[in-house]
Amino acid sequence: MGHFVDRRLNPKDKSLGNRRRFLRRVRNIVKQSVLESVRRRAIADVDQGEQVSVPAGGISEPSFRHASEGGRRERVLPGNKSFRVGDRIAKPKGGAGQGGREGSAEGEGEDDFVFMLSRDEFLDIFFDNLELPDLVKRNLKEIHSTRPRRKGFAVTGTPATLSVERTMRTALGRRIALGRIGNRKMRELVARIRELEALTSPTPAQLAELAELQGQLKRVRQRRRLVPFVDPLDVRYKHYVQEPEPSANAVMFCLMDVSASMGQREKDLAKRFFVLLHLFLRRRYERTDLVFIRHTQVASEVDEETFFHSRETGGTVVSSALVKMKEIIEERYPPSDWNIYAAQASDGENFGGDSKTCAEILDSQLMRLCQYFAYIEIIDEKEAELLTSEDNGMELWRAYLGVSKLWPQFAMKRIAGPADIYPVFRELFEKQREKGHG
Amino acid sequence: MAEVRNEKTLFEGTEWDFDTLHRTYDAIERVALDDLGLDVYTNQIEIISSEQMLDAYSSTGMPQMYRHWSFGKHFIQHEQLYRKGARGLAYEIVINSNPCISYCLEDNTMALQALVIAHAAFGHNHFFKNNHLFRQWSDAEGILDYLEYARDFIARCEEQYGEREVEELLDAAHSLMPSSVFRHRRPIEPSLRDKTRRLRERQAEEERAVYYLWESIDRDRPTAQADEEVQTRKRQMGLPEENILYFVERHSPSLKPWQREILRVLRNIAQYFYPQRQTKMMNEGCACFVHYHIMQTLHAAGRINDGAMFEILHNHTNVLTQPDFDDPRFSDLNPYAIGFAIMQDIQRICDDPTEEDREWFPDIAGSRDWRNVLKDAWANYRDESFVQQFLSPNVIRRLKLFSLVDEEGSPYYTVDAIHDERGYRKIQEVLSQNFSVSMMDPDIQVVDVDLAGDRCLRLRHFKRHGIPLDEKTREKTLANLRHLWGYDVEIDDADADG
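Top to bottom, those sequences are chains L and S.
Those letters in the first sequence? Residues 1218 to 1655, per the numbering used here, in order.
Those letters in the second sequence? Residues 10 to 507, per the numbering used here, in order.
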């Protein structure tokens, strides 16, 4: 006797727990390669899977084995062509040509172990020391851009979406329109007929009434058969349409000081700052454009590659970037159609006197157009210990501080390490959360 | 058979459905039971998807396993090979359990499903149920329950003591699993039914450990007395002991009860798989012989059409290819090919023997009773003894087997025997050694430990033919054993041949 069992619909991914344990084991190595690839990738492509290679040593599974050389071994092989007993065959140079059986059985080779990280795993590790709250992490990882929304009723649908109320209402309308007699009326009719029938000596008038009523009852019954209580025509289903979540366009301006004082560390931090904002926007908006503006004493719009990787020399005039941003908005991104976000990273240096101009431009023009403007000042860890108060700082910082008091959507923060980045956005994410609950 | 003949073909085309599977299964079953006279466990055939097959791969083919990163690693390895197309998936996996579970891939064509059912659900199944090693050493009735227990127990330990700690223990224990089977005597306790009793014993053991501490406050003793003490001690601990985890589980001074239980679970699992390693070639040979015979019979009876038979033979030959030693595809002897070749030759010797066969196999040559000869072989032999008994000169000639000696220090390999009159016996002997698991695995035993003294665990590697241990894995494995044992571990060499 044999049984067949169809297991195809059983859950897959039985091995997921093992994979999670494996990733934890190689976490440090994986982390490095994730950070490396964040550096390498374009901001918009950050959240994709990644190929990771792990040295075999860390994940070897040793056991007592025979060495591949040494001692006396004998082995039977197939396919003899011309050998005779006593023939000698030179051993291949460099040793273990023959050691198949006793040699490394599995996974002990020195080759690196290469595998793919999924998008979720990749982001998990990317978020690792950004100190994001879990809710935010979950939000960022979601890709859903549509949500089912009630939109009236339909005549087709699944039983689960059947609207009883609406169905009964249509049925009632139809019954009234087609003149179906209700139960109560019919019961009265039947009762009256019984009553008349029960009379021992009915008068002719009563007999006539009886005949009349019986005829009526017959017609009513017939009618009821023709017009059912609920007809398939009456059935209504709740209708859902997939509606995109706040469907709009956003443009994100990345502004960065690229003068010589911005080194690799500063740029890496800035990039993570930009990536985080971009992830946020991508989730919220259907389309997100990126604009990169770099500046020294003059500002120019560049592509991402140039933005992060090429160096410029020269002074620093921050306002030039803001002016450039203003121009681009006027030219390509009318605020009526676009949600405008800006992220600015700098080391806080500015040309003397320019900071005031910056604050002015922001206050009088840009902040009116922007949904959100985040500014980070990247400082040394040593500096971070010294600059404990928000209030003092360089000219640019002080000028921006004024702006942030006037405009609630202006966020600013000094950061010395990746863990400091998230608080800049805290309000942004909190706003989002309130909306989500509302 | 006559009634089989008059029916129409079982299936047409490549698509399968459950009705066709049932019909085909019944036809195969009739040949297997009535013609071959096989004796099988009840079959449970599960159709699974390729993802599920990969899942099954990574947990050594078992339907449930405890969690460990190494299974995740194996999953990734298999998945990559599969996605790259470097390796196809197995068409089936079969589990030595009662009922006998076999997994068939949903992508198989109907012809393949038929082949796979004959191969796994009857060939392997019969072998599992009848081979003496499986009957004696592995508990087909209890294995699924035991694995479920193992998974739950280890999951509970993870909850209670932390994943990290359990992982460290499993890492260490995994690397000792190959050295932790009883090769010569049956495990003392059959299964986990008396768990609670064992737990109590362990608590008592713990208390005794405290007593050891008192004992270890040293007093000087004369040497003769000390020598005798060593002998008694060894006897009491059952030394020497070949099953390392068993010894550690019983005598480690530092393990907690749950850790001992995990070691026990792991060595039981290792023991369960041990017969499979010892009979790999026979088991596959048996399954191939059975599917080949059944498919041929059904084809001859007109129940499988020519097209399907071509596909079946194509797959059959793929599995049974034995590339020559100088072929780039060559990696090792193909156990499927050797097993099948020997078994087919047994059939030939029984039915149509030559003079040579009568000389080599006087008992069976011409007896015409190959069914019982094979069933007897499947039941009572393992790979090494099977080769020694049944590898015929005819098979040696057909595969052109030769034997090669690799002597340390010599710049040459020497051809020791070829497929000629003088070489047959020699080749039989060497091939039998090549298939002997006890020759493949290093022979390592616990020889001594002074629990009252430095508690250093002493192992000995009994070298055969002067073959040493691999240095790198030896050090890593020793480190793992130290972690388990809690104290120092040493290993030395001794010559096993002397």
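Treat the hints as calculated values from the structure; they're not laboratory data.
Hints are supplied without guarantee of correctness; some may be wrong.
Simulated coverage check for chain S against chain L, where a stretch passes if three residues somewhere in it have a Cβ under 8 Å from a Cβ of chain L [unchecked claim]: (1) 351–365; (2) 401–411; (3) 465–478.
With a straight-line Cα cutoff of 27 Å, these simulated BS3-like cross-link-like pairs (lysine-lysine) come out [stated by the list, open to error]: (4) Lys93(S) with Lys1308(L); (5) Lys409(S) with Lys1298(L); (6) Lys93(S) with Lys1248(L); (7) Lys485(S) with Lys1248(L).
Computed, partial: chain L to chain S, Cβ under 10 Å [stated by the list, open to error]: (8) Asp1223; (9) Arg1241; (10) Ile1276; (11) Asp1329; (12) Val1508.
This one's a predicted model, so the numbers in the text were calculated from it and none came from an experiment.
Don't be surprised by glycine CBs; every beta carbon is placed ideally from N, CA and C.
Hint check results:
Evaluation of the coverage hint for the stretch 351–365 of chain S: breached, as 0 residues show C-beta separations to chain L shorter than 8 Å, against a requirement of three. For a cut-off of 8 Å, the count of residues in the stretch 401–411 of chain S with a CB near a CB of chain L stands at 4, and the three-residue condition holds. Counting residues of the stretch 465–478 of chain S whose beta carbon lies closer than 8 Å to any beta carbon of chain L gives 8, which meets the minimum of three for the stated coverage. At most 27 Å may separate the alpha-carbon atoms for a hinted pair to count; Lys93(S) and Lys1308(L) exceed this at roughly 34 Å.
Restraint check for Lys409(S) and Lys1298(L): satisfied, since their Cα atoms lie roughly 8 Å apart, inside the 27 Å limit. For the proposed pair Lys93(S) and Lys1248(L), the alpha carbon gap of about 25 Å is at most 27 Å, so the pair holds. Restraint check: the Cα-Cα separation between Lys485(S) and Lys1248(L) comes to about 26 Å, which is no more than 27 Å; the hinted pair holds. The interface hint given for Asp1223(L) is met, as the beta carbon of that residue sits about 5 Å from the closest beta carbon of chain S, less than 10 Å.
With 10 Å as the threshold, the beta carbon of Arg1241(L) comes within range of chain S, its nearest partner Cβ sitting at about 7 Å, so the hint holds. Restraint check, Ile1276(L) versus chain S: the minimum CB separation of about 6 Å is within 10 Å; hint holds. Interface restraint check: Asp1329(L) against chain S, minimum CB-CB distance 13 Å, threshold 10 Å, status violated. With a least beta-carbon distance of about 38 Å to chain S, the hint placing Val1508(L) at the interface is violated under the 10 Å criterion.
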